[in-house]
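Asker: As a plain string of letters, each chain reads:
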Amino acid sequence: MTSAEIPASGSGPIVERIAAARRTARRLWRLEFALVWLALVLGIVWVLAATGNVDLEFVQTWTPFILGGVGFTLLVCVSSIIGAVVLALLGALGRLSANPLINGLASFYVSLVRGTPLLVQIYFVYYGLPQVGIILDALPAGILALSFNYGAYMTEIFRAGIQAVPRGQQEAAEALGMPSRLVFRRVILPQAFRIVIPAIGNEFIAMIKDSSLVSIIGLQEILWRAGTAGRPILKTIPAFLIAALFYWVLTIIFSFFQERLERRLARSDVR
Amino acid sequence: MTGNDLQPAGSLPPHVGDVVLRAREIEKYFGHNHVLRGVNLDVRQREAVMIIGRSGSGKTTFLRCLNFLEEPTVGWVEIDGVRADANPLGARDRGHRERVRRLRLNAGMVFQEFNLFPHMTALGNCTEAPMRVRGLDRRRAEELADRFLAKVGLADKRNEYPSRLSGGQKQRVAIARALCMEPRVLLFDEPTSALDPELIGEVLQVMEELAHEGATMIVVTHEMHFAREAADRVIFMEEGIVCEEGPPEQVLNAPEDERTRRFLRRFLNVE
Ligand SMILES: Nc1ncnc2c1ncn2[C@@H]1O[C@H](COP(=O)(O)OP(=O)(O)O)[C@@H](O)[C@H]1O
Ligand SMILES: [Mg+2]
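Just so you know, the sequences run in chain order E and P. The numbering of the first sequence is my numbering, which starts it at 1 and goes up by one. The numbering of the second sequence is my numbering, which starts it at 1001 and goes up by one.
Just so you know, the hints here were simulated from the structure itself, not pulled from any lab data. Among the hints, erroneous ones may be present.
[What the hints assert, rightly or not] What the simulated footprint calls covered on chain P by chain E, stretch by stretch (three residues with Cβ under 8 Å from a Cβ of chain E suffice, anywhere in the stretch; the number is not a length):
1. 1106-1114
2. 1126-1135
[What the hints assert, rightly or not] Derived Cβ-Cβ restraints for the label pairs, each shown as a range:
3. Ile14/E x Ser1166/P: 29 to 37 Å
4. Gly104/E x Tyr1029/P: 24 to 32 Å
5. Ser107/E x Arg1092/P: 17 to 25 Å
6. Glu259/E x Gly1056/P: 45 to 53 Å
7. Arg1266/P x Ile14/E: 47 to 55 Å
8. Gly1201/P x Leu112/E: 58 to 66 Å
[What the hints assert, rightly or not] Partner residues are not named here, just some residues of chain E that face chain P (Cβ under 7 Å, in silico):
9. Gly168
10. Ala172
11. Leu176
12. Gly177
13. Leu182
14. Val187
15. Pro190
16. Gln191
Just so you know, these numbers come straight off a predicted model, no measurement behind them. Glycine is no exception: its CB is placed at the ideal position from the N, C-alpha and C atoms.
My request is simple: use the sequences and hints to build the entire structure.
Answerer: Here's what the structure looks like:
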């Protein structure tokens, strides 16, 4: 039933009138919400225009070139998040291990990576590793650095996720005679994954932006292209604005999917 | 029957067979807390043994020591010829771990909190260990699972996830899951204590049927009616020792031990 069918003076049953009022209130709320966004965006555009930073000719000429970096950014991010998940899983297993050697290795990794800047890590992988004979192209070097960095942060997330699986799950599996590897792979890990999926989504969105740092080693992603386009003709601010807009839109798109995924997980049969 | 069996108190019921489970001198410390102070138990084939006693008397701990979910501090357990001794190294001793795992294959366990695997259907819960631990092929495992799901009255729920089942249904699936390993003995730890009162009956009914069909079982329970109906032997525990044991008529109706009498008096008053 649409609100148009509800008599304005309210002769219908009380339940329907309340529902209609709620719907109207909700619509109004959404409208105001959208207006706030619109006003803020227009405000920013106005400030930019007033300060002479909106150069339509530049935008027209260079947007396609900068847009070409989106694919590269996504390639770097998707590869790195996969690498990071693998490292985080190993890291979490290490941090939960009773073996002092394995646990020590894992905690050293986490501490080292979390204690140093990502930028330094990228430099190190690209310029430092060749000194010990490991020469990597910019793309694998960037992916490696990002994977290592995010893997360390996500180690803690995975560890918490594994520990959040109720103890009774492990006991039930062990009581069935399952050896510990099987218990982990078939019972603990699938449940831990469901717990950490929202957190992986957050990390991915953070990574979209952090991936801009690999422009420093010449990877032709969004930020590198913006710099390359803007710098020679002293148009760095418009160029970086375009780049910023792309990052923003990317994160909005992924947040949208992430929200849907989370809602589906929350609703699913599987807890 | 071998020489090291315990002498049964009174005459054995005619339907019981040879000893399938032996527990000797089980002691358990949690830190300085001496929870089990030397418990001995022989359980014969087709025998239903019910353990009663007040909260905190060590019933759960004892049951969990039988399949080494709790590592006993002293003593040993033998089920169907597989013996595991209390081991101070516990999980770090590979040989011990494997012995415990083989011992568990013959001891199905049903938990107070069900502990079903939430990411698997009822059928999946029942086929997981038979396929991956016993090595049955899918067809055989599903046949077995369907048979036991039908036995607990849940044939039509085979494809449901646990979150879609009531507490009583969950516990019945958990019983079917344990039965699918075709263990020599079933261990139940207060299987109805987490259930809403109106769901207790359906679970007790399944257990009573199992007992009458000759399943070997050890049940920690507060359901005195059930114990009276289904038990071949009742054991009263207090402060980590067995105070009294014997046929249900004797222990529940004419207890000899003062502590048993006090417990039953208070318990039946509360009931
Ligand atoms: N994991 C544990 N760590 C420390 N103490 C425990 C643990 N489990 C049980 N206990 C203690 O052991 C005693 C017996 O507990 P339990 O076996 O659960 O008794 P029951 O099942 O008869 O109620 C209690 O005093 C309890 O506090
Ligand atoms: Mg208990």
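Asker: A separate judgement is required for each hint: does it hold in the structure or not?
Answerer: A quick look at each hint next to the structure:
Restraint check on the segment 1106-1114 of chain P versus chain E: 5 residues with Cβ-Cβ distances below 8 Å, three needed, restraint holds. Coverage of the segment 1126-1135 of chain P by chain E holds in this model, with 4 residues showing a Cβ closer than 8 Å to a Cβ of that chain against a need of three. With their beta carbons about 35 Å apart, isoleucine 14/E and serine 1166/P fall inside the hinted range of 29 to 37 Å. For the pair glycine 104/E and tyrosine 1029/P, the supplied restraint of 24 to 32 Å holds, since their beta-carbon distance comes to about 30 Å.
Serine 107/E and arginine 1092/P have their C-beta atoms about 20 Å apart, which keeps the hinted 17 to 25 Å range intact. Here the CB-CB span from glutamate 259/E to glycine 1056/P is close to 47 Å, well matched to the stated 45 to 53 Å. Between arginine 1266/P and isoleucine 14/E the CB atoms are about 54 Å apart, so this pair conforms to the stated range of 47 to 55 Å. Against the hinted window of 58 to 66 Å, the Cβ-Cβ separation of glycine 1201/P and leucine 112/E comes to about 59 Å, which satisfies the hint.
The closest approach between the C-beta of glycine 168/E and any C-beta of chain P is roughly 4 Å, which is under the 7 Å cut-off, so the hint is satisfied. Here the hint on alanine 172/E is kept, as its CB sits about 4 Å from the closest CB of chain P, short of 7 Å. A distance limit of 7 Å between C-beta atoms decides the matter here; for leucine 176/E the minimum to chain P is near 4 Å, and the interface restraint holds. A cut of 7 Å between beta carbons decides the hint on glycine 177/E: the least distance to chain P is about 4 Å, and the hint holds.
For leucine 182/E, the interface hint holds, since its Cβ comes within 7 Å of a Cβ in chain P; the closest pair sits about 6 Å apart. Taking 7 Å as the C-beta contact cut-off toward chain P, the hint placing valine 187/E at the interface holds, the least distance being around 6 Å. With a cut of 7 Å, the hint placing proline 190/E at the interface with chain P holds, because the nearest CB-to-CB distance is about 5 Å. Here the hint on glutamine 191/E is kept, as its CB sits about 6 Å from the closest CB of chain P, short of 7 Å.
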